[in-house]
Each structure stands twice: as structure tokens, then as C-alpha cells.
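**Student:** Read off the chains here:
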Amino acid sequence: MNRAGRWIAALCTAAGLLCVPALFSLDYYLHIFVMAGIHAMLAISLGLIIGFTGQVSLCHAAFYGIGAYGSALASLTLGLPFWLAMWAGGLSAGVLSYALGRLVLRLRGHFLAITTAFFGVLVTVVLNNWVSVTKGPMGIPGIPRPGLPVFLGSWTTFESRVSYYYLVVAFVAGIAYLAYRIVGSRLGRALIAIRENEELAQSLGIETMRYKVFAFTLGGGLAGVAGAFYAHYILFISPVTFTIGESINILVMVVFAGMTTLAGPIIGAAILTILPELLRMAGALRLVIYGLTLMAFIVWMPQGIVGAVRELTTRTRTGKPGG
Amino acid sequence: MIAVFFQQALNGIILGSLYMLVALGLFLIFGILEVTNFAHGEFYMLGAFATLFVMTGLGAPFLPAVVLAMLCMAAFGIVVERVVFRPIVGKPLINGMLLSFGLSTFLTNAALLLFTADPRKIESEFAQVHLRFLGLHVTLERLLALAVGTALVGFLAYFIQHTKTGKAMRAVAQDRIAAQMAGIPVFRIYAVTFAIGSMLASAAGSMVGAIFLVSPDMGWTVVLKAFIVVILGGMGNIRGIVCASLCVGLVESLGGGFVSYAYKDAYPFLLLVLAFLLRPEGLVGGRKA
Numbered sequence: 001m002n003r004a005g006r007w008i009a010a011l012c013t014a015a016g017l018l019c020v021p022a023l024f025s026l027d028y029y030l031h032i033f034v035m036a037g038i039h040a041m042l043a044i045s046l047g048l049i050i051g052f053t054g055q056v057s058l059c060h061a062a063f064y065g066i067g068a069y070g071s072a073l074a075s076l077t078l079g080l081p082f083w084l085a086m087w088a089g090g091l092s093a094g095v096l097s098y099a100l101g102r103l104v105l106r107l108r109g110h111f112l113a114i115t116t117a118f119f120g121v122l123v124t125v126v127l128n129n130w131v132s133v134t135k136g137p138m139g140i141p142g143i144p145r146p147g148l149p150v151f152l153g154s155w156t157t158f159e160s161r162v163s164y165y166y167l168v169v170a171f172v173a174g175i176a177y178l179a180y181r182i183v184g185s186r187l188g189r190a191l192i193a194i195r196e197n198e199e200l201a202q203s204l205g206i207e208t209m210r211y212k213v214f215a216f217t218l219g220g221g222l223a224g225v226a227g228a229f230y231a232h233y234i235l236f237i238s239p240v241t242f243t244i245g246e247s248i249n250i251l252v253m254v255v256f257a258g259m260t261t262l263a264g265p266i267i268g269a270a271i272l273t274i275l276p277e278l279l280r281m282a283g284a285l286r287l288v289i290y291g292l293t294l295m296a297f298i299v300w301m302p303q304g305i306v307g308a309v310r311e312l313t314t315r316t317r318t319g320k321p322g323g
Numbered sequence: 001m002i003a004v005f006f007q008q009a010l011n012g013i014i015l016g017s018l019y020m021l022v023a024l025g026l027f028l029i030f031g032i033l034e035v036t037n038f039a040h041g042e043f044y045m046l047g048a049f050a051t052l053f054v055m056t057g058l059g060a061p062f063l064p065a066v067v068l069a070m071l072c073m074a075a076f077g078i079v080v081e082r083v084v085f086r087p088i089v090g091k092p093l094i095n096g097m098l099l100s101f102g103l104s105t106f107l108t109n110a111a112l113l114l115f116t117a118d119p120r121k122i123e124s125e126f127a128q129v130h131l132r133f134l135g136l137h138v139t140l141e142r143l144l145a146l147a148v149g150t151a152l153v154g155f156l157a158y159f160i161q162h163t164k165t166g167k168a169m170r171a172v173a174q175d176r177i178a179a180q181m182a183g184i185p186v187f188r189i190y191a192v193t194f195a196i197g198s199m200l201a202s203a204a205g206s207m208v209g210a211i212f213l214v215s216p217d218m219g220w221t222v223v224l225k226a227f228i229v230v231i232l233g234g235m236g237n238i239r240g241i242v243c244a245s246l247c248v249g250l251v252e253s254l255g256g257g258f259v260s261y262a263y264k265d266a267y268p269f270l271l272l273v274l275a276f277l278l279r280p281e282g283l284v285g286g287r288k289a
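If you read the sequences in order, they're chains A and B. The first sequence maps to residues 1 to 323 in our numbering. The second sequence maps to residues 1 to 289 in our numbering.
Be a bit skeptical, because a hint or two may be false.
[What the hints assert, rightly or not] Some chain B residues near chain A, calculated using beta-carbon distances under 10 Å:
1) T36
2) I88
3) K91
4) P92
5) T105
6) T108
7) L112
8) I231
9) L272
10) F276
[Claimed, not checked] To give an idea of the chain A side of the interface with chain B (calculated C-beta under 10 Å), a few residues:
11) V104
12) H110
13) T124
14) W300
For the record, the hints were derived by calculation from the structure and aren't laboratory data. Owing to the predicted nature of the structure, the values given are computational and were not obtained by experimental measurement. Note that the Cβ used here is the ideal one computed from N, Cα and C, for glycine as well.
Only chain A is shown next, with the shape it has when bound in the complex (with noise of 0.2 Å):
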């Protein structure tokens, strides 16, 4: 695709974002859609660790519970106003992500993988048994709504669901851009090379540790900053919703569509919060369901959707070798 097309692409895929509250006017469709967009940052976020620096994660819903609690006390017991906030949640995540980070980013595959997913529960544990900051099980009740200052007009808080699709939209689209330009940067590539090959990667003078922790550090932050958003959109947290279980739907959702694409990640976080909506009608036997999906998809679709289609062009496409 030339320039010229990228930015129609870009300009179609925004004007048609910004309709969707006038097609889809009931609350139920606009709280899919918001919750959409914070599976897309917590799925951009996952996707510049697994999709392009290669490092196997398994604690992602630890630093969106970190980033969503920060946010929350910060702005109970400070008082902060939510852009504050949320930065309190964000800088806490990413701060216990780059000390994790260094501590476990030297481990390779598997041992980084089930490393993080105990570091999880490590989290899960805390968050419900540190009664004096955290109310354990009960959760934190009563977090405001983001505000905007008066001179923006009349409209001064988030109250609407309309609102808040329009203001996660933003969200990831500024985080989308952010890894945009990560990864088309020269720090991007060497993120790959390292994905690729982490000794070749070493050997021409990349400092894959630092390049490793930087990649860890922003994505955690990144997520913290997701869950700033959830605790300031759904107005309430509590343990159950960060456990590792939620780590390995983010996991899927990067997985889903093509975890080398920054694309992949938010179509697959889309999907994936649409379909298990569907799914709901199934009752008791939805996890089944979804249990075996999974399996199915990962036996016959192990590149994700976009490899799978892009398999298929190149088959179908004779004597070109497929991008």
C-alpha cells in the first residue's frame, strides 16, 4: 500500500470509528465497544512484548490490575483528578514491570512464560489479601468519572456511554500511534532482531537486556494505563477481574489475528470481545465452547488469521513469494 492509500485507509477507518455510536445507539452495543478498546490497548501493549520482541508474557492482567489500582487510590485517597491519575497507574505498572523485568527478562521461552504467569498470581494474592490498601475481595467501590475543565464547554464530565466510546477511541488511537512509530523506529528494529534472533541480535552490538526491559517497561506502563481507564469507566475493581486467566485472553487476542502486525492485536481484541458476547446465548457450555475454539484454532490456524490469509494469497498468487 502507497502513502496515499495508507492515509485513506486511515481516514475510512476513522471517520467509520466515529459513526458507530449513531448505528449502534444502545448502551449494551456501546459498552461492548469501550470494553473493545481497552482489550485493543491491553492487546497493543502485549503485542510490542510477544509480537515484536519475541519475550512470552503471562502477566499482563497483573500490570492492567496494577495500572487500575494505582488509578484508583490515587484518585480516592489524593484526590487526584483522573489525567493525574491515570498516570499514577501507569508509572506504578511500569515501574514493577521494568523491576520484574530485570529481575526475570533474562530467562528464555517457556521459563519467562511460566515465571510471568506466577508473578501473576503473586499479584492476585496481594491484591486479595492487602485488606488495608486494596479491601481485599470486596474491591473499591465509588472511583469518579473522568472529568474535562469547564472552558471545554458545558460537557464536564464522563457520563454517557457515547462519552466514553469517543474518549477510548482517543485512547487507542494515541497508543496505537505510539507503537506506530516504536516500531518503525530504529529501536523497533532492533526489538525485531532480537525477536528474531537474539545471539545474531547481540552480536552486532544490540543490547538486547536493555532493549528487552525497555520493551517490558512500556508495555506494563501501557497496560496500567488501560486499567486506569477500566476502573474510571466500569467504577469499580476488584481482584476477580485481573487474574491470569485474563492474561491468556489478552494472550489470545495478540495471538488471534497475527501477532507480528500492530493491526493484529486490535482486530483480534475486537473479535474477541464480540464473539464470546454471541457465545453468551450457549449458557453453561460457553467456556466449553470457547475451550475447544481455541484448540481448533491453534491446531489449523497456528499464524493467526493474517498468516493464514496471507498463506492463502500466496498460494493462490503462483511463483510470488508470499510478505
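Chain B: place on chain A using the hints.
**Tutor:** What follows is chain B alone, placed relative to chain A:
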């Protein structure tokens, strides 16, 4: 105080022997198929239910029921390997991981539908036998768990070291292609590995079901701790797994008894962090299986 310490230590060793049985299966599957099987905890859960149903259905005594359940689970493991895991052997690790997550979700929720969420207990005939010595108190059932764990790890060590199949397993773990060229039927080794892993998990599940409770969601926390054992054990050999599982069991039991019970699931992670700090060059000493 001293008596409480030794009591907690004894409980920790028994707990460790149960983690060991699960971890050994994970270790074999990881070493030979290079798959992280997050569904291994569900094999353990199904083994416990199999024992329960054999006892209530056939009226069998505890130990024969455990053996029968192990045989059923061996068959189950072979089927799972053939149907679920074989298509993705040699694919990137994330595929095996997600596949086993899918399998775990499927098995847990199918069990939830079929067996309901109510926790049940395996009523073994050893539960009422209390032993007291040196101020320690233990039921025969718990000692039996320790004895079964020790016996099975002994069998496994002998099997891997001295039988032809065991040697073939080690060869596949070292180099799959070279083993294939030497005429080792690699796929049959995969099946044997899964059968052994499922049997060990089933035995552990049955013991836990008799000491504690059986429920469809019992597998998930155990599998993570068993993975910690595998990492701490250094992926080297069975002896490493035995030592690491005892460490994890002791730390969890003593920490739960003397520091804080609420945080007991977090201690194995702290053990791992400590190990990283003491051995920054990494726990994995290059060799595998």
C-alpha cells in the same frame, strides 16, 4: 513451638511429594515434546474423579481404585497426545501453550458441567487411622501419600535409567532427529511419555482427593507450583525435581504456619526470586532432560 515446627515440616514434605508427582509428568512432557502442558493439572483433577467414581461405583477399596484410575488416565493421556498435541509438535512454543490453555479450559468446564462444582471427598479407609510419634500427629492416609510418591519416583528413576524404553525417552529428549535416525519410534515415545505423565498426575490427584477435597477447579494452582518446581529443579534430572519439590512444599507449609497463611500461594514465587538473586547466571544449566 518446636513440635509445631516439625509438624509443619512433615506436612510440607507430604505436600512436596504430591507436587513432585505432578512436576515429574510436566518435566517429562516438557523435556521430550517441548510443550508446556498447562492442562496437566486437569489430568490430576480427572485422576481424582476417576478414583472417586471407581470407589463409589464399584465399591473398590482405595488403593486398587487408585491403580485403576491411573490405568484409565494413562489411556486418556495417550488419546490426548495423539489428538491434541501431536499436530503442533515442533511449532513455536506459544502454540503449545495456548493449545494447553484451551484444553485446560475445556476439561475444567466440561468437568464442572458433568460433576458439578460441589467439592467432594474420597473416603479412603485409611483416613481414620491416626498415628502419633515423637509428639507428631499424622493420619495413615498422609503417610500413604508420601509412600506412594516415593515408590513412584523410584519406579520412574529405574524405568528411565535402565529399561530400553527409558533409554529411548532420554535419546528423544536429547535430540529428536538423531533418535529418529537411530530407529527410535519417536511418536510411540511421545505416547509413552504422556501415559506416564498422566498416571503420575492421577496418583497425586487421588491422594489429594483423599486428604483434602476433589473439585473441577483443583488443577490450576497445582500446575503452576509444579512448573515452579520444574524450573527450580533445573531441568537436569529427576533428583533436581525431587529436591525442588520438597523445598517448595516445605516453604509453603512453614511459611503458611509461621508467617501468614493467606499468602501461602505466593511463597514459591519468592523462592524463585531468591534463586534468581543467588544464581544470576540462570538456573538452567544448559542441559535438559
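**Student:** Does each hint fit the structure? Answer for all of them.
**Tutor:** Outcome of the hint check:
1. Contact between T36 of chain B and chain A, as hinted, is supported at the beta carbon level, the nearest pair being about 5 Å apart and thus within 10 Å.
2. Residue-level restraint check for I88 of chain B holds (minimum Cβ-Cβ distance to chain A is 6 Å; threshold 10 Å).
3. The interface hint given for K91 of chain B is met, as the beta carbon of that residue sits about 6 Å from the closest beta carbon of chain A, less than 10 Å.
4. Below 10 Å, beta-carbon pairs count as interface contacts, and P92 of chain B has one with chain A at about 8 Å; its hint therefore holds.
5. The interface hint given for T105 of chain B holds, since its Cβ lies 4 Å from the closest Cβ of chain A, which is under the 10 Å cut-off.
6. Annotation: interface hint on T108 of chain B holds; nearest CB of chain A at approximately 8 Å, less than 10 Å.
7. With a cut of 10 Å, the hint placing L112 of chain B at the interface with chain A holds, because the nearest CB-to-CB distance is about 8 Å.
8. Given hint, I231 of chain B at the interface with chain A, holds; its Cβ is 6 Å from that chain's nearest Cβ, closer than 10 Å.
9. With 10 Å as the threshold, the beta carbon of L272 of chain B comes within range of chain A, its nearest partner Cβ sitting at about 6 Å, so the hint holds.
10. With 10 Å as the threshold, the beta carbon of F276 of chain B comes within range of chain A, its nearest partner Cβ sitting at about 6 Å, so the hint holds.
11. Satisfaction of the interface hint for V104 of chain A is found here, the shortest Cβ-Cβ separation to chain B being roughly 7 Å, below the 10 Å cut-off.
12. At about 5 Å, the closest approach between the beta carbon of H110 of chain A and any beta carbon in chain B falls short of 10 Å, and the interface hint on this residue holds.
13. For T124 of chain A, the suggested interface contact is upheld, since its CB lies about 9 Å from the closest CB of chain B, less than 10 Å.
14. About 9 Å separates the beta-carbon of W300 of chain A from the nearest beta-carbon of chain B, less than 10 Å, and the hint is met.
Of the numbered hints listed earlier, not one is contradicted by the structure.
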